[in-house]
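J.: Listed here are the chains, written in short residue letters.
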Amino acid sequence: QKEVEQDPGPLSVPEGAIVSLNCTYSNSAFQYFMWYRQYSRKGPELLMYTYSSGNKEDGRFTAQVDKSSKYISLFIRDSQPSDSATYLCAILLSGFQKLVFGTGTRLLVSP
Amino acid sequence: GAGVSQSPSNKVTEKGKDVELRCDPISGHTALYWYRQRLGQGLEFLIYFQGNSAPDKSGLPSDRFSAERTGESVSTLTIQRTQQEDSAVYLCASSYSRGQGRNQPQHFGDGTRLSIL
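Going line by line, the protein sequences match chains A and B. Take the first sequence: its letters are residues 1 to 111, numbered as in the numbering used here. Take the second sequence: its letters are residues 1 to 117, numbered as in the numbering used here.
Calculated from the structure, these hints are not laboratory results. Computed from a predicted model, the values in this text were never measured in an experiment. It cannot be assumed that every hint is accurate.
Here are the simulated SDA-like cross-link-like pairs (lysine to any residue), alpha carbons at most 25 angstroms apart as the crow flies [stated by the list, open to error]:
| id | chain 1 | residue 1 | chain 2 | residue 2 |
| --- | --- | --- | --- | --- |
| 1 | B | Lys57 | A | Gln1 |
| 2 | A | Lys98 | B | Asp56 |
| 3 | B | Lys15 | B | Ala88 |
| 4 | A | Lys98 | B | Val74 |
| 5 | A | Lys67 | A | Leu108 |
| 6 | A | Lys98 | B | Lys15 |
| 7 | A | Lys42 | A | Gly9 |
| 8 | A | Lys2 | B | Ser62 |
| 9 | A | Lys98 | B | Gly51 |
| 10 | B | Lys11 | B | Ile116 |
| 11 | A | Lys98 | B | Pro61 |
| 12 | A | Lys2 | B | Ser58 |
| 13 | A | Lys42 | B | Val74 |
| 14 | A | Lys42 | B | Asp63 |
| 15 | A | Lys42 | B | Asn52 |
| 16 | A | Lys2 | B | Lys15 |
Next up, chain A with everything else stripped away, as it sits in the complex (with noise of 0.2 angstroms):
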């Protein structure tokens, strides 16, 4: 079983749709949850940052934690063709240091 699990997609919406982008985890001591998000032939953009359970909010990018379903989540509203990408949540172990990622999924959206 992989650390964490993500669907590659891709993911197809329409311009305006709300994106629900998610992984699943293994690892209950897991504790610092990111989202990356990558552009082809770019590296890997932070997107949002968080330690703790519950919804972090940063403009049209939600980011959901559940401990208890190791379950993370990233919402975008409003979605843009230049969201079109791939996200990548990556997961950390506190007081360690290797980002364990999934494999990332394809968003497309159109406009």
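Since the structure of chain A is provided, determine the placement of chain B on it from the hints.
T.: Leaving out everything else, chain B in the frame of chain A:
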């Protein structure tokens, strides 16, 4: 300010050759990481440097892989006797560490795309 810089951006080489990849971290970032991203797969951790501490090499896939870092600046990742399965994007990241195991977000460069013929 300047982000993480990696060079070269692309590298094509023949099987069996050695390659050296370079990473310039964000100024002031004491922690530096190397990851590998194979096509269609997530990022795999390779190695981590923190200040003058011994590096965490637990992710290096074989003894053909090695990395060095000069102080808290430039790092080089070397792959000896390259094999076709080494073809991947090699990504470097850096972060600011406040010590005591406090994790700060890692910021990535655009990577080096390595192709082994």
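J.: Starting from the hint list further up, note which numbers the structure goes against and sort them upward.
T.: Hints 5, 6, 14, 15, 16 contradicted; others consistent.
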